[in-house]
Structure formats: structure tokens, C-alpha cells
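Asks: Residue numbers (my numbering), protein chains in the order written: chain U, 1 to 198; chain Z, 1 to 246; chain H, 1 to 181.
One or more of the hints may lead you astray.
What the hints assert, rightly or not - Under the rule of at most 25 Å between Cα atoms (straight-line distance), these lysine to any residue pairs were calculated in the SDA-like manner:
| id | chain 1 | residue 1 | chain 2 | residue 2 |
| --- | --- | --- | --- | --- |
| 1 | U | K132 | H | R3 |
| 2 | U | K153 | Z | G22 |
| 3 | Z | K23 | Z | T49 |
| 4 | Z | K23 | U | T5 |
| 5 | U | K153 | H | R173 |
| 6 | U | K153 | Z | G236 |
| 7 | U | K132 | H | I92 |
| 8 | Z | K23 | U | V8 |
| 9 | U | K153 | H | P22 |
| 10 | U | K153 | Z | P24 |
| 11 | U | K153 | Z | T99 |
| 12 | Z | K131 | H | A63 |
| 13 | U | K153 | Z | Q141 |
| 14 | U | K153 | Z | G171 |
| 15 | Z | K23 | U | L152 |
| 16 | U | K153 | Z | T34 |
| 17 | U | K153 | Z | D130 |
| 18 | U | K153 | H | A170 |
| 19 | U | K153 | Z | Q110 |
| 20 | U | K132 | H | P23 |
| 21 | U | K153 | Z | R128 |
| 22 | U | K153 | H | G149 |
| 23 | U | K153 | Z | Q117 |
| 24 | U | K153 | H | L56 |
| 25 | U | K153 | Z | D92 |
| 26 | U | K153 | H | S70 |
| 27 | U | K153 | H | P23 |
| 28 | U | K153 | Z | D21 |
| 29 | Z | K23 | U | R145 |
| 30 | Z | K23 | Z | R65 |
| 31 | U | K132 | H | A63 |
| 32 | U | K153 | Z | T195 |
| 33 | U | K153 | Z | R75 |
| 34 | U | K153 | Z | T49 |
| 35 | U | K153 | H | Y151 |
| 36 | U | K153 | U | D183 |
The set of hints was computed from the structure by calculation and includes no laboratory data.
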Amino acid sequence: MISLTSPVETRAHRWPAAVKLGALAMATVGLFTLQDVLLHAGCLVAVLLVYLLPGQVFFRAGLGRLRGLWIFAVLIIGWHLVTSDLVAGVVIACRMATAVALANLVTMTTRLSDMMAVVRWLLAPLRPLGVKTARVELAMALVIRFTPVLALKGQMLTQAWRARSRRRPGWRILVPFAVLAIDDAERVAEALRARGGV
Amino acid sequence: MKDMSRQHTVISLEDLSFVADGKPVLSDLTFDLTERRIGIVGRNGTGKTTLARMISGLVAPTAGRVRINGSDVARDRRAALREVGILFQNPDHQIIFPTVEEEIAFGLQQAGQSPAQVQSGVAEILARFDKSHWAQAAIHQLSQGQRQLVCLMSVLAMTPSVIVLDEPFAGLDIPTTLQLTRVLDSVAATLVLITHDPVHLRRYDRVLWLDDGQAVQDGAAAVVLDAFTARMQQIGDGDDLSDLAG
Amino acid sequence: MERNIALIAVFAALVAALGLLPPLMLASGIPVTAQSLGVMLCGTVLGARRGGLAVLLFVALVALGLPLLSGGRGGLGVFASPTAGFVVGFPIAAFATGFVMERLSRMNIGVAAGLASVLGGIVVLYIIGMLGFMLVLSKGPVETLMILGVYIPGDLIKAVLAGVITAGLARARPQSVLSRS
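Make a model of the complete structure from these sequences and hints.
Replies: Spelled out as C-alpha cells, the structure:
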């Protein structure tokens, strides 16, 4: 399973994940308290400069992940143009872009294993309450294992559709797809039991 | 019934290559296949399944093309549906509908036949295999071999000139394998049978041995299969289980 | 227990895989992504608790940085974007769908699943989704509904499909439809 961690190794890859997450939370709250348009524009430029630090490849990958936001930016600025309150619109659009860019920055510089460690740490207080946290990790591992398997089976079904039709696959492949998933689940349950259960 | 009078079906692979994730899966295959029974043999993971999907036009090649009777099957899907059908390795990956009738009808409906035509097409193919009582049967209650037969009937109902079979015998017991073999023998269309097991190809007209995405040998079944079997035994005596791909 | 974990994990994977499939065509020719349909199915098939957990697991893995949302989106940025409320709302919507489903145990299964999907997968999901949208973009509820309302017809179709598919599963694998056992 491919994660969104950047293959471009940055210094931030080695920082503790919990610290990065804490800083992200504070920065996001901070962004919502700022009101000045120039400060917001400055924040956005500053974040984009940070993206440039590890080089062009990292910068382009980062920008690519912000692409989905432009429609919202256009929507908001257009809206505020109509209500003749352009400055407020720019503030909202900048804040949104900066917040998403900062959050993506944490994702891009933190390995999945480090994130899992944070989850384990967050779940630890539940252990004395009787929650079996090992099961959460097992379930996460199973999802990572089975997403590509199911995606492949879904692809097979769409091919089976296309082998007999010129049209795009319809919703009707979803029933056999869900049946395949359920059968997989029953087999996994057996395999887990065969190896001592959980 | 499929017209036997038709000119020889020609499957042309033209400089066919396929690259997945930067790794070559098939490299520069060029062949004109005109025989009625064509076997493709090779070990698991040598690009056989990819080739099966390419001959059926389900996967577009990275370079080169596949033509069947002159039509580029990846580009011209309308022609492809007329020329070629495919039987997947696992019937569960192929069957879309809950009953036998609906499964067979789907391809005919998609080909634009009228409801009356579809109905008679379904009835005809079921009758041909003496399975008219299956029409309303729920597919999940059929055995693996029976489901495989439903897939084959669905493909045959569309009367393609070529049927690609990707390891159709995997997981079938000996009687079912023999029955399916007999059914396949009776099919008029050109068959391209893809397998790792030379036993199924003994009586075929032409066999291609594929390894690492390239054709190792091509020719009469007996010659190619003997060489293949000898090589497989040689490998089996060694230890390549420990080698990791890539 | 093993069966519960396996079903929860595999349904989480199913929601992810539905996002990876190419958009499906409805009879009307409208392409829809099936991910939110997957959320509804978690509730209608697995019930409130297990369905909610399956989708929570899915959302947690998105937060950890896996590109499992349709279009290959994922990571923490999702939770700062205008659609964050919908992602956060997914597990709650699945729980609500399952909750309604369990209350309608005497109704025809397909109808019950469709109804539960409308209440859980649309009403509950949109309330939370709109709150997120209003927060990130500083809009009022009326403006938000005007913008997001265009997606509601598509989601209604998905609720109908959730009903049809759940009924289909109840026929093919009755013992696995936990919301009815």
C-alpha cells in the first residue's frame, strides 16, 4: 500500500510525529484567530516557501495535493465579490489553503509507522479500561492488506463487465463485489482462528 | 451456431509490449496465430494473464497492438466484443448477476439485441448444454465447475470468433476437468488456452512457450511441450523458491 | 471475535476499494463515486456498532496518511479542507445508518436499508458535513445548503442502491448481514 509520505527525505522526517501533530493543531487554531488579510497572505507565502526548502520535486508534489482546493477558492472569492466583501473572501481562501498545506506537510514528512506509534500512544490509556488495543493494530494491518486485494477484485469485475459491454460498468457489479468482500472476511476469520485467534 | 464456413480467424500480435510499474511484463511479441487451437504455456508470473487480457482487448498494450481479423481490440471495443470473449481464471471474478439466466443475457443485451432475441439466445445456449433447468438457478448455489460452465455459456452465447481461456482448469477436480475439456473440444471458435500445465495442450495445433514476457519457443505442441516439461523438471530439481522477484 | 474483526477490517477495505474503482455509470448516465455508498453499506450490513467501527477505521487510516479517499486523497490535509466535515461524519453516518437499520428489523430488508441510508448516510452526514463547510469557509447554513445541495440527488440514488445491494447480500450471504442477526 502506497502512503502519502514523500519519498524526498527531509529533515522533518526525523522529527517526532507527536511534536509535528501538536504543532499542526496549534497552528491551525492560530490561523482561525487571525483576521488580518496581509497576515494571512504572509502565512500562505511562508508555507509555500517551506515547501520549496526540500527542493523542486517536493514542492511540485505538495502543490499537486492542493489542486483540489482551487474550486473552493474560486467559489468563495466569487461569492464575496458578489457580496462586495472581497477582503473577507481572500482571508477565508488563504486560511483554507494554508491550513490544508500545513496538514499535508505533516503527512508528507511522517512515515506510516511513526503515525501508528502515535496511535498506539493515544490508545494506551484505554488499555486499563479493558480495550484490547492490539486488535486495533491488527484491524489496521488487515485493511492495508485487503484494500489492494479488493481493488484488484473490483478491477476484475469491471473487466468482466467490459469483456461483454461497451458501456461503463454499472452499479450491478456492486453486489458480487460485496459478496467477494464478505467471503474474504469469513476466510480471514478462519485463518485468524487457525493461528490462535485474537 | 457459429459459422464454420468463415475464413480463418487471424490473431496478430504486432510488436506487443507491456510495462507495469516500470517493469517489462511482455516484450516485443510478434506472431500471427491462425490455428484453431492455440496454447500458451509458461510458469506462473511470466505474463500469461496479461497477454490473455491484451488479446481480449481489456488491457491496452504499452506499445504495439493486437488485431483480431484486422480489428484493433483495445481501440475498437465494438469489434472486440464481436471477435473475442474471455473466460477468467476464477469464475467468481467474472460472474456479475445472481441467476444463470441474467448472467448469460447480459452480453446479449449489451450487444443491442431485442428482449425476444436475448431470451431465445439464452434458451438456445442452455439447451445446447442440456442445462435448460439451470435458467432460474441461483449462481451462488452452483459448484465451481458449474459456475465455470455458466461463464463459458455466457461467452459462447455472444458467438465470438476467438475465446481466450485463462487457466480454466485451476481448482477443478478430474471429472469436471474432463467434462470441461470435452465441452471445449466441441467449440467451433478459435481457442487460446493459457496454462502452466502442459497436459491440457497435448492435442493443440500450436503452442507458444512464454517466459519472462518473451517467447522461448513456438511450434507444434509435442515439440514445445516436451522441451517445456524437461525444463520445468530441471528447475524443479533446483531451488528457486527462495528468489524474490524484482 | 475473529469474525467481527475480519468483517470490520474487510468492510473498511471495501469502502477504500470503492473509492479506487472508476466511477460507476447510473442508468441516467451520471457517473458516481461509490465511496459514500460504501459508508451506507457498512451500516446496513454490519449494523450500528460494527459498521461505525469499520468506517472509523477507514477514516483513521486516511488521517494517518493513506490515500484511500476517492481520487486518491488522504492525509491530514483532508481534515482542514472544506469537505472535512463529510469525512469526519462518515463513521457517525455509518453508525446512524446501522442504528436505524436495527430499529427497522421487521420491515422488508431492502426498504429498511434504503430508509436507514437516507437518514444516516444523507441527513446525519450532511448535518456534520455542512458544519465543517461552514466552519472552514465561514458561510451560513443557507448558503452552504445552496452549494452542497447539488449532491443530494446523487446521494438519494446511492441510498436506493444501498437498499437494493443490502437485499441482494441478504439473499446471497444471509448469515453475514449482521444488522439482521
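Asks: Does each hint fit the structure? Answer for all of them.
Replies: Hint check:
{"no.": "1", "hint": "U:K132 to H:R3", "in the structure": "16 Å, holds"}
{"no.": "2", "hint": "U:K153 to Z:G22", "in the structure": "22 Å, holds"}
{"no.": "3", "hint": "Z:K23 to Z:T49", "in the structure": "16 Å, holds"}
{"no.": "4", "hint": "Z:K23 to U:T5", "in the structure": "23 Å, holds"}
{"no.": "5", "hint": "U:K153 to H:R173", "in the structure": "18 Å, holds"}
{"no.": "6", "hint": "U:K153 to Z:G236", "in the structure": "31 Å, violated"}
{"no.": "7", "hint": "U:K132 to H:I92", "in the structure": "22 Å, holds"}
{"no.": "8", "hint": "Z:K23 to U:V8", "in the structure": "22 Å, holds"}
{"no.": "9", "hint": "U:K153 to H:P22", "in the structure": "13 Å, holds"}
{"no.": "10", "hint": "U:K153 to Z:P24", "in the structure": "23 Å, holds"}
{"no.": "11", "hint": "U:K153 to Z:T99", "in the structure": "20 Å, holds"}
{"no.": "12", "hint": "Z:K131 to H:A63", "in the structure": "52 Å, violated"}
{"no.": "13", "hint": "U:K153 to Z:Q141", "in the structure": "21 Å, holds"}
{"no.": "14", "hint": "U:K153 to Z:G171", "in the structure": "18 Å, holds"}
{"no.": "15", "hint": "Z:K23 to U:L152", "in the structure": "19 Å, holds"}
{"no.": "16", "hint": "U:K153 to Z:T34", "in the structure": "33 Å, violated"}
{"no.": "17", "hint": "U:K153 to Z:D130", "in the structure": "31 Å, violated"}
{"no.": "18", "hint": "U:K153 to H:A170", "in the structure": "21 Å, holds"}
{"no.": "19", "hint": "U:K153 to Z:Q110", "in the structure": "22 Å, holds"}
{"no.": "20", "hint": "U:K132 to H:P23", "in the structure": "38 Å, violated"}
{"no.": "21", "hint": "U:K153 to Z:R128", "in the structure": "31 Å, violated"}
{"no.": "22", "hint": "U:K153 to H:G149", "in the structure": "33 Å, violated"}
{"no.": "23", "hint": "U:K153 to Z:Q117", "in the structure": "32 Å, violated"}
{"no.": "24", "hint": "U:K153 to H:L56", "in the structure": "23 Å, holds"}
{"no.": "25", "hint": "U:K153 to Z:D92", "in the structure": "9 Å, holds"}
{"no.": "26", "hint": "U:K153 to H:S70", "in the structure": "17 Å, holds"}
{"no.": "27", "hint": "U:K153 to H:P23", "in the structure": "16 Å, holds"}
{"no.": "28", "hint": "U:K153 to Z:D21", "in the structure": "19 Å, holds"}
{"no.": "29", "hint": "Z:K23 to U:R145", "in the structure": "22 Å, holds"}
{"no.": "30", "hint": "Z:K23 to Z:R65", "in the structure": "19 Å, holds"}
{"no.": "31", "hint": "U:K132 to H:A63", "in the structure": "21 Å, holds"}
{"no.": "32", "hint": "U:K153 to Z:T195", "in the structure": "21 Å, holds"}
{"no.": "33", "hint": "U:K153 to Z:R75", "in the structure": "24 Å, holds"}
{"no.": "34", "hint": "U:K153 to Z:T49", "in the structure": "14 Å, holds"}
{"no.": "35", "hint": "U:K153 to H:Y151", "in the structure": "28 Å, violated"}
{"no.": "36", "hint": "U:K153 to U:D183", "in the structure": "12 Å, holds"}
Violated hints for the displayed structure, listed by number in ascending order: 6, 12, 16, 17, 20, 21, 22, 23 and 35.
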